[in-house]
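Q: So you can see what is in the structure, the chains are spelled out below.
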Amino acid sequence: MDAKSFQQTVDKIAPKRPVLKNCLKAFLTGGIICGIGQLISFFYMYFFPFTERTSSNPTVSTIIFITMLLTGFGVYKKIGQFGGAGSAVPVTGFGNAMVSAAIEHKSEGFILGVGSNIFKLAGSVIVYGVFSAFIVALIKTILVQMGVINW
Amino acid sequence: MKNARTYQFATKPSIVSTAVSVGPLEKQSPFRPHFDHVYEDERFGEDSNEKGHATLIEDTCKLAIMKGGFQATDIDLFLAGDLVNQMTPTNFAARELATPFMGMFSACATSISSLITASFFLETNQMERILFGSASQHNAVERQFRYPIEYGAQKPPTGQWTVTGAGFGILSQYQRDKPYVHSATIGQVVDCECKDPLDMGSAMAPAAFDTIQQHLSQNKGTSYDFVMTGDLGKNGSAILQELIRTSGVSSYLVDKYRDAGAEFYGNNEKFLSGGSGAGCSASVYYGPIYAELLKKQWKKILLVATGALLSPLSFQQGETIPCIAHAVELTME
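Just so you know, the sequences run in chain order A and B.
13 is the number of the first residue of the first sequence in the working numbering; add one for each residue after it.
14 is the number of the first residue of the second sequence in the working numbering; add one for each residue after it.
Be a bit skeptical, because a hint or two may be false.
Stated by the list, open to error - Using 25 Å as the maximum straight-line C-alpha spacing, the simulated DSS-like pairs for lysine-lysine come out as follows:
#1 A:132 x B:208
#2 A:132 x A:118
#3 B:80 x B:233
#4 B:191 x B:313
#5 B:75 x B:64
#6 A:24 x B:208
#7 B:40 x A:90
#8 B:40 x B:313
#9 B:75 x A:28
#10 B:168 x A:33
#11 B:309 x A:16
#12 B:283 x B:25
#13 B:64 x A:118
#14 B:208 x B:168
#15 B:309 x A:90
#16 B:283 x B:191
#17 B:308 x B:269
#18 A:24 x B:312
#19 B:168 x A:37
#20 B:80 x B:283
#21 B:191 x B:75
#22 B:64 x A:33
#23 B:283 x A:37
#24 B:75 x B:308
#25 B:168 x B:25
#26 B:168 x A:90
#27 A:28 x B:312
#28 A:132 x B:75
#29 B:283 x A:24
#30 A:90 x A:118
#31 B:313 x A:24
#32 B:25 x A:28
#33 A:132 x B:40
#34 B:313 x B:25
I should point out that these hints are in silico values taken from the structure, not numbers from a laboratory.
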C-alpha cells in the first residue's frame with residue numbers, strides 16, 4: 013500500500029477538527045477570560061490606588077493565581093478541551109502551562125523535577141517573547157533617534 | 014527462512030488463567046463486569062504514577078498466578094512490557110515477582126507479542142508455565158508521550174485516551190477446557206507516513222491490515238467468530254474497514270470486525286476516538302474475551318494488537334510513525 017493513496021483514505025474517513033465550532037468556542041472562552049480580567053482591573057482601580065495603566069500588573073497576578081487553583085483542581089484542562097486557543101492565548105494559558113508542568117514533575121523532587129521542568133512548555137513563550145521585545149525596542153530606539161517618532 | 018510469518022502451534026498451548034485490573038475511570042467501560050479488580054485510586058496507593066504503574070502490574074500478575082492455583086515459583090518465565098521509558102514499571106514488578114523475566118516491547122501490541130513468544134517457548138517443551146501480558150497507566154504514559162496531565166491542550170476528535178489497565182495470563186500445556194493458541198502471525202513494521210501523534214488510529218490501521226491479510230492468506234477457509242484489533246479506536250477501525258473493503262481481501266470480515274479501543278469506553282464522547290495503550294488490548298483480550306471463550310460463546314477468534322513505534326523524540330524530530338501489528342488465533346474446542 014503506498015503512503016500517498018493511504019493518506020487520501022485517511023483524509024476521506026478521519027473526522028476533521030470542527031474548525032468553525034472551535035473558533036466560536038475559542039472566541040467565547042477567550043472573551044469571558046478577558047471580561048473577567050477587565051472586571052478585576054476595575055476592582056483594583058476603584059478600591060486601590062491603581063490607574064488604568066498600572067492596574068495591569070496586579071490583574072495579571074490575580075488571573076494567574078486563579079488559573080493555578082483551577083489547574084490544581086483539574087478544571088483548567090476541561091476548559092482547555094472546550095476553549096482551545098481561547099484558553100491558551102490569554103495569560104491564563106501561560107499560567108496553566110507552568111503550573112501543570114510543576115505539578116507533573118513534583119514526583120522528581122523540587123530541584124530536578126519542579127525547578128528544571130516548570131518552564132518546559134512555557135519556556136518558548138519567554139525565550140521568544142523576550143527576544144521579540146528586544147527587537148521591537150531596538151527598532152523603536154532607532155526610529156526615536158532618527159526623529160521619526162517620539163517615546 | 015521458511016518464508017512464513019504465520020506459524021501453527023502443534024502443542025496447542027492453552028491460556029489456563031488470566032487476570033485483569035483497571036483504574037477508577039475504567040469503571041465506565043461496558044467491559045466492567047469482566048474486570049477482576051477495579052482500583053479506586055489512579056496511583057494504586059503509591060506516591061508517583063510510575064510506582065502505581067508497577068504496583069498495578071505486580072498485583073495483576075499475582076492475581077493471575079493465584080487464579081490459576083499456582084505459586085510464583087511455578088512460573089518458568091515472565092514475558093511482559095509497558096510503554097514507559099526503559100519499561101521500569103514492568104522491570105520493577107518483575108523484581109517483586111522474582112520469576113525468570115524477559116522484557117518485551119512492541120508498544121501497544123505487547124499484549125499479543127508476549128503471547129506469541131510464550132507460545133514458541135512452550136513449543137520447545139522446555140517450559141511449563143509462562144506469565145505474559147502488558148499494562149499501561151494513563152498518567153505515566155501521557156506525561157511521557159504528550160503534555161502534562163493538567164495542561165489544557167485541546168485534543169482533536171481522532172485523539173485517544175490511554176487506558177489504565179493491566180491484562181496478564183498464564184500459558185501452559187494444552188488443556189481441553191481452556192482456549193488454546195492455534196496459530197500466530199508476526200507483524201512487519203509498516204509506515205504509511207502518518208505524523209500526527211494525536212491520530213495513532215490512522216497510522217496503525219495499515220499495519221493491522223497487513224497482518225490480517227497475511228494471516229488470512231495462510232488460513233484460507235477458516236471461519237472466525239470475529240477479528241478484533243487492539244486500539245485503533247473509532248477512527249482507525251473505520252479506516253481499516255475501508256482498507257478491507259477496497260482490497261476485497263475477505264469482505265465478510267467487515268461485519269465481523271471489532272476493536273477493543275473503540276469499544277472500551279462505550280460511546281462516551283469525552284474519550285474521543287476511544288481507548289488506547291498496552292493495557293487497552295490486554296485488559297479486553299484477557300478479561301471479557303477470555304471469559305466468553307471459556308463459556309464457549311466464541312470458538313475461533315483472531316486477535317490483532319497494534320502498536321505505534323514512536324517516541325516523543327522521534328516525533329519532535331519530524332519522523333513519521335512506524336507501526337506494527339501481531340496476530341494470534343485463539344480456538345476453544
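Q: Hints first: check each against the structure and report whether it holds.
A: Cross-check of the supplied hints:
no.: 1; hint: A:132 x B:208; in the structure: 22 Å, holds
no.: 2; hint: A:132 x A:118; in the structure: 13 Å, holds
no.: 3; hint: B:80 x B:233; in the structure: 36 Å, violated
no.: 4; hint: B:191 x B:313; in the structure: 12 Å, holds
no.: 5; hint: B:75 x B:64; in the structure: 16 Å, holds
no.: 6; hint: A:24 x B:208; in the structure: 17 Å, holds
no.: 7; hint: B:40 x A:90; in the structure: 20 Å, holds
no.: 8; hint: B:40 x B:313; in the structure: 28 Å, violated
no.: 9; hint: B:75 x A:28; in the structure: 44 Å, violated
no.: 10; hint: B:168 x A:33; in the structure: 14 Å, holds
no.: 11; hint: B:309 x A:16; in the structure: 43 Å, violated
no.: 12; hint: B:283 x B:25; in the structure: 41 Å, violated
no.: 13; hint: B:64 x A:118; in the structure: 14 Å, holds
no.: 14; hint: B:208 x B:168; in the structure: 15 Å, holds
no.: 15; hint: B:309 x A:90; in the structure: 43 Å, violated
no.: 16; hint: B:283 x B:191; in the structure: 37 Å, violated
no.: 17; hint: B:308 x B:269; in the structure: 19 Å, holds
no.: 18; hint: A:24 x B:312; in the structure: 36 Å, violated
no.: 19; hint: B:168 x A:37; in the structure: 14 Å, holds
no.: 20; hint: B:80 x B:283; in the structure: 34 Å, violated
no.: 21; hint: B:191 x B:75; in the structure: 20 Å, holds
no.: 22; hint: B:64 x A:33; in the structure: 40 Å, violated
no.: 23; hint: B:283 x A:37; in the structure: 17 Å, holds
no.: 24; hint: B:75 x B:308; in the structure: 24 Å, holds
no.: 25; hint: B:168 x B:25; in the structure: 44 Å, violated
no.: 26; hint: B:168 x A:90; in the structure: 11 Å, holds
no.: 27; hint: A:28 x B:312; in the structure: 38 Å, violated
no.: 28; hint: A:132 x B:75; in the structure: 38 Å, violated
no.: 29; hint: B:283 x A:24; in the structure: 23 Å, holds
no.: 30; hint: A:90 x A:118; in the structure: 22 Å, holds
no.: 31; hint: B:313 x A:24; in the structure: 33 Å, violated
no.: 32; hint: B:25 x A:28; in the structure: 45 Å, violated
no.: 33; hint: A:132 x B:40; in the structure: 33 Å, violated
no.: 34; hint: B:313 x B:25; in the structure: 14 Å, holds
Violated hints for the displayed structure, listed by number in ascending order: 3, 8, 9, 11, 12, 15, 16, 18, 20, 22, 25, 27, 28, 31, 32, 33.
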